[in-house]
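Novice: These two chains come separately, so use the hints to put the complex back together.
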Amino acid sequence: MSVKDQITRRQFISGAAGGLVVGLFLPAGGRLFGMGEAEAADLLADGAAFDASALNAWVRIAPSGTAELMFGGCEMGQGTMTGLAQLLAEELKVDWTKIVIKRPDTNENPNTPVTPYTSSYLGTSTFRYGTGGSSGISRRWLPLRVAGAQARELLVAGAMLKLRASGTEDTDRTHYVAAHGEVTHVPTSTRWSYGALVSLAATPDARVLVPFIDDATRLLTATADFKIIGQRLQRPDIPAKTSGAAKFGIDVFLPGMMFAVVKHCPTVGGVLSTTPATPTGAIKVVPLKAYDNRGAVVKDSWNALAVVADNTWKANKLAKSLKITWKLPTSTASVDTATIAQVAQQRLATPGAGMWLAEPVATTDPTVIATNEAAVTAALGSATAKVQATFNLPYVPHATMEVPNCTASVVYSGTTPVTCEIWAPTQNASSVIATASALTGLPASSILVHTTFLGGGLGRKIEMDYVSQAIQTSMAVKAPVKVMWPREEDFANDQFRPMAAISVKAGLDSAKKISAWSYRVATPSISWQRATATNNNKLKLDGQAVEGAVALPYTRGSSLTEWVPLDSDVAGLPVGYWRSVGASMNVFAAESIIDMLADAAGEDPFTFRMNRITDARTLAVLAAADTLSAWRKTLPAGRAWGMAISKAFGTTVCEVVDVSQPALGTMKVNRVACVVDCGIAVNPDAVEAQMQGGVIHGLNATLWGNAVFKLGIAQQLNFNKNRMMRLGDAPEIQVAIVQNTYDPSGTGEPAVPPVAPAIANAWYRLTKTRVTSLPFFPGATMGGL
Amino acid sequence: MAMYNLNVNGTAYQANVSDAATPLLWVLRDILGLTGTKYGCGIEVCGACTVLMDGQPAHACVIDISSAAGRKIVTIEGLSANNTHPAQKAWIDNQVPQCGYCQPGMIMSVAGAMQAGHHGKEILPEVKNLCVCGTYQRVRTAVAKL
Numbered sequence: 005m006s007v008k009d010q011i012t013r014r015q016f017i018s019g020a021a022g023g024l025v026v027g028l029f030l031p032a033g034g035r036l037f038g039m040g041e042a043e044a045a046d047l048l049a050d051g052a053a054f055d056a057s058a059l060n061a062w063v064r065i066a067p068s069g070t071a072e073l074m075f076g077g078c079e080m081g082q083g084t085m086t087g088l089a090q091l092l093a094e095e096l097k098v099d100w101t102k103i104v105i106k107r108p109d110t111n112e113n114p115n116t117p118v119t120p121y122t123s124s125y126l127g128t129s130t131f132r133y134g135t136g137g138s139s140g141i142s143r144r145w146l147p148l149r150v151a152g153a154q155a156r157e158l159l160v161a162g163a164m165l166k167l168r169a170s171g172t173e174d175t176d177r178t179h180y181v182a183a184h185g186e187v188t189h190v191p192t193s194t195r196w197s198y199g200a201l202v203s204l205a206a207t208p209d210a211r212v213l214v215p216f217i218d219d220a221t222r223l224l225t226a227t228a229d230f231k232i233i234g235q236r237l238q239r240p241d242i243p244a245k246t247s248g249a250a251k252f253g254i255d256v257f258l259p260g261m262m263f264a265v266v267k268h269c270p271t272v273g274g275v276l277s278t279t280p281a282t283p284t285g286a287i288k289v290v291p292l293k294a295y296d297n298r299g300a301v302v303k304d305s306w307n308a309l310a311v312v313a314d315n316t317w318k319a320n321k322l323a324k325s326l327k328i329t330w331k332l333p334t335s336t337a338s339v340d341t342a343t344i345a346q347v348a349q350q351r352l353a354t355p356g357a358g359m360w361l362a363e364p365v366a367t368t369d370p371t372v373i374a375t376n377e378a379a380v381t382a383a384l385g386s387a388t389a390k391v392q393a394t395f396n397l398p399y400v401p402h403a404t405m406e407v408p409n410c411t412a413s414v415v416y417s418g419t420t421p422v423t424c425e426i427w428a429p430t431q432n433a434s435s436v437i438a439t440a441s442a443l444t445g446l447p448a449s450s451i452l453v454h455t456t457f458l459g460g461g462l463g464r465k466i467e468m469d470y471v472s473q474a475i476q477t478s479m480a481v482k483a484p485v486k487v488m489w490p491r492e493e494d495f496a497n498d499q500f501r502p503m504a505a506i507s508v509k510a511g512l513d514s515a516k517k518i519s520a521w522s523y524r525v526a527t528p529s530i531s532w533q534r535a536t537a538t539n540n541n542k543l544k545l546d547g548q549a550v551e552g553a554v555a556l557p558y559t560r561g562s563s564l565t566e567w568v569p570l571d572s573d574v575a576g577l578p579v580g581y582w583r584s585v586g587a588s589m590n591v592f593a594a595e596s597i598i599d600m601l602a603d604a605a606g607e608d609p610f611t612f613r614m615n616r617i618t619d620a621r622t623l624a625v626l627a628a629a630d631t632l633s634a635w636r637k638t639l640p641a642g643r644a645w646g647m648a649i650s651k652a653f654g655t656t657v658c659e660v661v662d663v664s665q666p667a668l669g670t671m672k673v674n675r676v677a678c679v680v681d682c683g684i685a686v687n688p689d690a691v692e693a694q695m696q697g698g699v700i701h702g703l704n705a706t707l708w709g710n711a712v713f714k715l716g717i718a719q720q721l722n723f724n725k726n727r728m729m730r731l732g733d734a735p736e737i738q739v740a741i742v743q744n745t746y747d748p749s750g751t752g753e754p755a756v757p758p759v760a761p762a763i764a765n766a767w768y769r770l771t772k773t774r775v776t777s778l779p780f781f782p783g784a785t786m787g788g789l
Numbered sequence: 009m010a011m012y013n014l015n016v017n018g019t020a021y022q023a024n025v026s027d028a029a030t031p032l033l034w035v036l037r038d039i040l041g042l043t044g045t046k047y048g049c050g051i052e053v054c055g056a057c058t059v060l061m062d063g064q065p066a067h068a069c070v071i072d073i074s075s076a077a078g079r080k081i082v083t084i085e086g087l088s089a090n091n092t093h094p095a096q097k098a099w100i101d102n103q104v105p106q107c108g109y110c111q112p113g114m115i116m117s118v119a120g121a122m123q124a125g126h127h128g129k130e131i132l133p134e135v136k137n138l139c140v141c142g143t144y145q146r147v148r149t150a151v152a153k154l
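Top line first, the protein sequences correspond to chains A and B.
Position one of the first sequence corresponds to residue 5 (this note's numbering), numbered consecutively onward.
Position one of the second sequence corresponds to residue 9 (this note's numbering), numbered consecutively onward.
Pulled out of the complex, with its shape left as it was, chain B reads as follows (with noise of 0.2 angstroms):
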């Protein structure tokens, strides 16, 4: 059993981790209760995991807690106050979820490419989350104005 120091949303938490080799997905949701971040395959190829660690998107599922404490993450529930990061909005605008079950990775991915200084198509590349409803033409539409 070990406390490891994480910072999530601007929030300084202490997490009691047993196994140090838990990745970074599993204690945000089963211990500090942030399910925004979600479980799609846990090998790095879905995104459905992905988060902003230090401003990059990186993928929860397969980074330690051990590396990830005392680094900056923001989840998708960290990413504004109710829906005002342009993302959010031209997703409701565009109605780009179907399920929902991959946005909040999709989106983390926008907007770490957003906040990388990509605008627009250009962010297109860097958004590889699968998405298996299908929702890419509204993705495409939303991210264009961003």
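Same shape as in the complex, but just chain A (with noise of 0.2 angstroms):
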């Protein structure tokens, strides 16, 4: 679409609420979310009425001269809001510290601590919102910055119209300088401040005088010109995560709130035989239902119960001697890790009719299939030398460090619920919304979501099952009420990155070129786990089961990828969106691979890789990260170097990492060169943080994260089985951006898939040996502090 069509069809400008208001669609992640780019096209299709509705955004100029930002996002540590901040003020002509960001939940500044309690933006229900797929800052770049540029240049007008008011006729654009906040007639040295144009500015006189509006290459601000754009600048909520002011979803108090905490069935699929009779001590038991299908849970199959009480610490404990009798499912098989694992060995050997060929085409017709997979047989047949592994990875949890929670107020009028209001720490507040009207029955202007603070979010809080439960307890109590899962909820009822069964056979020819390639990852599909009788996923290829396995940088002769679905029958455990998701999983087998490529044709893993990508800016990353990870030509002994390069979420990285085995058994991580090109870095600091970051992530899953389930039953109930990097674990991480001035893309999650590689690679050039199961230390522990 183009840039004029994106404007036409979703901005519109008014002068509402007194003041000059620019609305805007911001497209959310895509695949994510309820409405996407296709979705909200149709909605707007007509052109020529705008359903304000179906807006997501607002720029607003208030008489004050304050200029607003709403947006429907969340911060869940990725600073998003301060880069909104930067492209609305760089083509406003504000200071961005005096952009106030509202979130739906709030009429605070974020400079000053965040109290989630009070409500703005009533009607705003209908906003689509969430966040998610590293899409914050690059889903928006255009369409905010625009809207900004469209803002400004009406506020021009409004002074053209001022001047004109007081006898002065001139329309001559370049006469007129808007700067920090003011519009500057420069031959009669007039100035106005932005509060005293807006409601001239919102006047169609004044858009008589724009009428350039639509055209984003006059609005724009050129890349050499940025003063605010790519200025590394603080985020305004870390003081008050620095003081404890900060209020996360835990943290919300309500006047009359009850406390609640959730006990699961302890067997994933089981559900409640009765509900216990309220203990001594409680205020109810409430019964749960599960919000939707996730593989062996049964959308509306009461899976849990919620134990009510006047204090968290009497609720768990209530909860926890609660004698409860859950019925089982009749088969827990799909549910143990061990038998999916050897199920999905033998569905990558024997796929069966369900194979999905990805790459070069996306299809299920075996004719298809057989023609691709008889010519890549042949690449291989003849290739002067092969490679082949087969790569296992787990079911790993995302524990976030806040564990799920949400407060809930149903209101009634009798019996009937009458209002509906939610604080939540959540990445999905317009799904929010909609559990909350299928549950109570609510219409959406009836429904208020305040998203506080995420401790965490990491794919995690898009989910609804904790919202739900919460909605349905408050329903039940009829009050306000705060239900929280203690941690081994948490990490037996995550929605995890799912596992994967990876064979890849390549090859190489007498040049040493990459003749033959055959990829083959069977895994679990989350879009399959939460298919409908309408919305028909297991009609299609899951793109997130390939990504990172597809759209590879190297030249490559006959090369195909497929994917054997594992259904919830074979596979029952729940999935959900994992910090990179299939990437997390992929890159890894593609990344050794190519290692074990470079190694079989005596090249170095660099030059290797160099010499059969074409792609410039890859071949940049490369070249930087080369030159950052200088120090791994001069390792001293028993420590050695690996690397992998990926492209995630339109973002390149490559990572180098220096290991060592201090003991039998063990792995230090001593140092992590990352290079990242993201395009135009807003704000370098946060795109460095989120490097930092990912890497850790990508770390604890490579060396420690495991979910295991045996019969249904998770083995891992809290952090003393699930090891997770601490201080003195951690490497040293250098990250150096590269400088370019291409469109910003994603960052939030891409510094994740070249961990685990790297890392294999590492400790193969370190011990000879070939890892291709993750993680490398199953079992783990984490000590007491």
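No lab work stands behind these hints, which were simulated from the structure alone.
Don't take every hint at face value.
What the hints assert, rightly or not - Listed next, the in silico DSSO-like pairs over lysine-lysine satisfying Cα-Cα at most 27 angstroms (straight line): (1) A:K293 - A:K303; (2) B:K129 - A:K288; (3) A:K321 - A:K725; (4) A:K166 - A:K102; (5) A:K482 - A:K293; (6) A:K672 - A:K303; (7) A:K672 - B:K97; (8) B:K153 - B:K97; (9) B:K97 - A:K102.
Specialist: Rendered as structure tokens:
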């Protein structure tokens, strides 16, 4: 869609609420949320009449001159709000710290401690909100800048009208300067603050004076003139996070609020036989139904209960001692990780009719598949050198530091709900509204969602399970109630990063070119688990199952990528979006094989890759990583290096790691060099932080991450059995951001995928052992403090 | 139901707690309204609940309220007025927090180490708080000059 189409179809300007408002639709992560690009286009297809309720962000210049940006995302540590303020300030020509960013829950300026209990923008409940897919900045880059620029030009037009009203006619735009929240008419040295211009700026007369209002090339500030975009700015929410003032979902307190702790059936897929009687000291025991199908968990089955009391500890203690009779599912084999892994191996070898060819073409047609396979088999047969391996990756939990929790207050008139107010650490406020509407029968206009700070999102807090439970509980007790999960419930009831079994065969010809590449991954599908009668997910290739395996940068001869779906009958553990999703699995296999090919070719891993990649941006990342990791050439004995490169969410990251083996069965990761090309880095400090954090996230999964289930029961229930990096384990991490002027691409997730193969490649260099199963150290424990 | 005298951040509180085994963490949060101290695991492995008790780092999730009574407790809210503790300043200068949930506990561990006379790199072995966002690189930089 052209820029012009994007603007005219999705943005509108009005004088609503006494200010100048530019409304716009900002697409969320696309695949993850209720409204992606296609749905938005459909909604606005008529063009003639904009449906204001479809818009989900506003730039509003108030008569006071304050610039407000309201958007429906969340703050989970990625610092997107700062970046958005930078984009808007650059175009609007205001001080970025003066931009008030309003999330749907608060009237407060993020520079002051956030109290999430005031509501604003009531009636925005039809807006679409969501955070994910590393899209916070990248998807808003153009629309938000355009909105700011349009507002700026209309304010200048307002100045022209002011001048006209005072008897001077001058519509020459070059005579006006917009800067620092003011418009100056240079020839007469007249100045007006933006606040004084808003009412005129919102009029049709002003619009007439800006004939280029839809022309982004005319509107937007040139990259070379950026003063704010590209600056390392401090995040306004950080002081509240160092003082203890920041309120996360779990910190919500309301007058008259009750406290509830959730207990799920310890066997996945099991349900309540009966609701236990309310024990002494509890207010109520509330049976809870599952909000959606998730593998062995069936939608609307009573898979959990909440114990409500007047404080968290009491509720928790009562929940732990409650005698509950569960009805176990008929088959728990589909929630046994050892069994699932075995089935995956069998299906890898004998895929059967349901297999998808993903690349070179997406199809389940067995004839097409056979033809492609024959070609690759032939190429492998005539290869001069061949490598092959089967890789095994486990389910991995999210383990956000803040456990799942949600506070809900459903208010009744007699037996009828009249309003529903929710405070949630959620990445997905749109779905919160939909969930509340489905449970209470209330229209969106009677539902208000406050998005609190999130103590980690990581893809877990997109889900509605804990939100649904809070609403159900509030409906049962007819009072506000904060519902939380103890950590043990979190580890046992995650929506895990799926497991994968991957077999790869690759070959080099006599010129050492990659002449054959056969890649097959057997893994469950997140979208298939969520298939409904209306969304037909099971008729489609799940792009996430093969992301990181397709669109590789390497020139290859005959190649194919196949996906063997593992449906819920054989893989019943709930799966969900885990930071970097499918790439977190497939890049491990792909980049391990590339290193094995390099070894077979007798070439250095950097050289091998550079000689088989033509994309200039990818080569630039490799070159920068080569420089940043110059230390690898003089590592002392007992240390070895390894590298990997991948592209995810539009962003290419190359990592080089330095590892050693202090004792048999241990690994020390000494250093990681990380080079990222994310296009223009709106706030380089935030990008660097996401790289640093993504590396640690990847290391946790590579070394230890492993959710084991035996006959439906989780074997790791807390951090003591789920080892993760502490300060003493963490390597030195160096980050370099490639400088270029391409549009920004995502940074929240792309640092994760290269970690596992870089570590495996380094480990091979160190020990001559090729590790193909993750985690490196299953069963690792973490000691007490 | 029993009344416990608590000394938290220099203020005397009387907390009415029915269960003597209630951890200090939940009294701080649910009864005193001091939510800066966080729940992460409940088993003294993650450190999100770190406070100072008589000057020493302590993990509020495993300390019974009866043991905490009468002791001098400092939580993140009482560490300074307005982010003026050197650790808090260093945390802001180096933009350490990401989601921020673990950081009160992390900062209290650092403050405790400083109070015990450790400085710079010597502080590092005292800080075992779990950070899932992975802010350790900046923690190291921030601590280096403390």
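Novice: All the hints need checking, so say for each whether the structure fits it.
Specialist: Status of each hint after checking the structure:
1. Among the hinted pairs, A:K293 with A:K303 is consistent with the structure: their alpha-carbon atoms are about 7 angstroms apart, no more than 27 angstroms.
2. Annotation: proposed proximity of B:K129 to A:K288 is violated, straight-line Cα distance about 51 angstroms (limit 27 angstroms).
3. Of the pairs offered as hints, the one joining A:K321 and A:K725 holds, with about 22 angstroms between alpha carbons and a cut-off of 27 angstroms not exceeded.
4. For the given pair, A:K166 sits about 25 angstroms from A:K102 by alpha-carbon distance, which is consistent with the 27 angstroms threshold.
5. A threshold of 27 angstroms between alpha carbons decides the hint, and for A:K482 with A:K293 the separation of about 17 angstroms falls inside it, so the pair holds.
6. Taking the CA atoms of A:K672 and A:K303, the gap is about 44 angstroms. The hint is violated against a cut of 27 angstroms.
7. At most 27 angstroms may separate the alpha-carbon atoms for a hinted pair to count; A:K672 and B:K97 exceed this at roughly 31 angstroms.
8. The suggested pairing of B:K153 with B:K97 holds, with an alpha-carbon distance near 11 angstroms, which does not exceed 27 angstroms.
9. In summary, the hint linking B:K97 to A:K102 is supported, as the alpha carbons are separated by about 23 angstroms, within the 27 angstroms threshold.
When held up to the earlier numbered hints, the structure conflicts with 2, 6 and 7 and fits the remainder.
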